[in-house]
Amino acid sequence: MNLDFTNLRKITGGDAILESELFQIFLDSARECLSFMRLGLKNDDETLWRTQAHAFKGLSYSIGAEELGNLCRAAQENCAVPVLQKQQMLNEIEKAFALVEKQLEHPGSHK
Amino acid sequence: MLIQLVEHRAREALLALIEDINRVQTAVWGMAFLKRRALKPISNDEFLLVLKPAFADVSEAKAFVLENGDIYLAWRGMQKRVHDGLLALVGKALLKASDSGAGSSIVYFDPLVMGNELTTLLRAQAREQGAASEAAAHSSKLAASKNLPKPNATQLHKFQEHRQHRGERRQLEILVVEDQQLLRRLLHEVLRGEHLVDSVAGLQEGCEHYLEKAPDVAFLDIGLADGNGHDLARAIKQLDPDSCVVMVTANNTEEDMEFARGNHADGFVAKPYSKQQIFDYIDRHVSARRLATMRDKFA
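Taken in order, these protein sequences are the chains called A and B. Numbered according to our numbering, the first sequence spans residues 1 to 111. Numbered according to our numbering, the second sequence spans residues 1 to 299.
Pulled out of the complex, with its shape left as it was, chain A reads as follows (with noise of 0.2 Å):
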């Protein structure tokens, strides 16, 4: 999983300290994007599901992470497949989170 901070460093400047915090952010809204996303497909709820997948891919793009981005997209756009596919769909993302998750949180794996 390959994480771009080209963008994000225009921003920050180099910032060590903002970088961290703003990777915290990441992680902890990106979290709670995946546990409501669990709850949409436990409810069958489509509405939910959609939405959260819409903040978690707005939040990938943000921080670097397209792949990650492009898995939360499809989900988003694809709310209404039967639930079996939409498991897949979650399982795919939340294994390219633990990478994501893995890279941002050991100081040093993102130079």
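Take these hints with a grain of salt, some might be off.
Under 10 Å between C-beta atoms, here's a sample of chain B residues computed to sit facing chain A [unchecked claim]: (1) Q180; (2) L183; (3) L187; (4) E189; (5) V190; (6) D221; (7) T249; (8) N251; (9) P272; (10) S274; (11) K275; (12) R289.
No lab work stands behind these hints, which were simulated from the structure alone. All residues carry an ideal CB built from backbone N, CA and C; glycine is no exception.
Starting from the structure of chain A, add chain B where the hints point.
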């Protein structure tokens, strides 16, 4: 296909329709204005009969015949085709040959700019009813959108004061309405330092803040937790036409762009945006304002 002829209290009905068009977006409606003096004297039945072929493809059409003889035609869907039908049929059958030309006698409102043109009509009526009713009209316009708080007279008064003194500000005041903490923070970081930035998370807060500070530029997210950023953009533009409103969204859809155009938003930025894109909109706004100030000076 249905054509409804509205004559009794036609002006009120027309204004109600315009309010409705502004609320549910203009792009699905088309509207044209016919000058009565250019029409041959004909009965209403004949008039409708001629209109019917032009409206054959639409689900709903209305003809408003106002007391002063003005006629407004409104229809839902397929704007260009209906307009062409009107020109061909109405022009040929009803307009006087002596007129300067059939086409010039039918004023067609472009759906993408219709909000402004028709809102001007509403404002003219509000002015007729005096300053008090104008404030009430502003207030109701701002509150017409779902989830937007209705401003009171004090808020409106304060807002107008701030608005009048915008030119005296040393720094631009910028409002960011974004419900995602990360994205709010990012935009705040982009803007802070050079400008005074206030960031809020929701539609209601955004509305209250706008009334309180009359910021120079507002960056609005579309999918907010407590409502739709398009609603706030529309309300801001109706209350404050000189404002600079930029929509910011992760949904880069044609529909959203059309909504933004319909609301006369000044810009549309897709996430993830670059710092430069944001600055470009601000620079554009500053240049436009300078130009307006110069124009006022020389006028």
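Each hint tested on the structure:
Below 10 Å, beta-carbon pairs count as interface contacts, and Q180 (chain B) has one with chain A at about 6 Å; its hint therefore holds. The criterion of a C-beta within 10 Å of any C-beta in chain A is met by L183 (chain B), whose closest approach is roughly 6 Å, and the hint holds. For L187 (chain B), the interface hint holds, since its Cβ comes within 10 Å of a Cβ in chain A; the closest pair sits about 9 Å apart. Hint status for E189 (chain B) relative to chain A: holds, with the closest Cβ pair at about 5 Å, below 10 Å.
Proximity of V190 (chain B) to chain A holds as hinted, the smallest CB-CB distance being about 5 Å (cut-off 10 Å). Interface restraint check: D221 (chain B) against chain A, minimum CB-CB distance 9 Å, threshold 10 Å, status holds. Satisfaction of the interface hint for T249 (chain B) is found here, the shortest Cβ-Cβ separation to chain A being roughly 8 Å, below the 10 Å cut-off. With a least beta-carbon distance of about 7 Å to chain A, the hint placing N251 (chain B) at the interface is held under the 10 Å criterion.
Hint status for P272 (chain B) relative to chain A: holds, with the closest Cβ pair at about 4 Å, below 10 Å. Proximity of S274 (chain B) to chain A holds as hinted, the smallest CB-CB distance being about 6 Å (cut-off 10 Å). The interface hint given for K275 (chain B) holds, since its Cβ lies 5 Å from the closest Cβ of chain A, which is under the 10 Å cut-off. The closest approach between the C-beta of R289 (chain B) and any C-beta of chain A is roughly 25 Å, which is over the 10 Å cut-off, so the hint fails.
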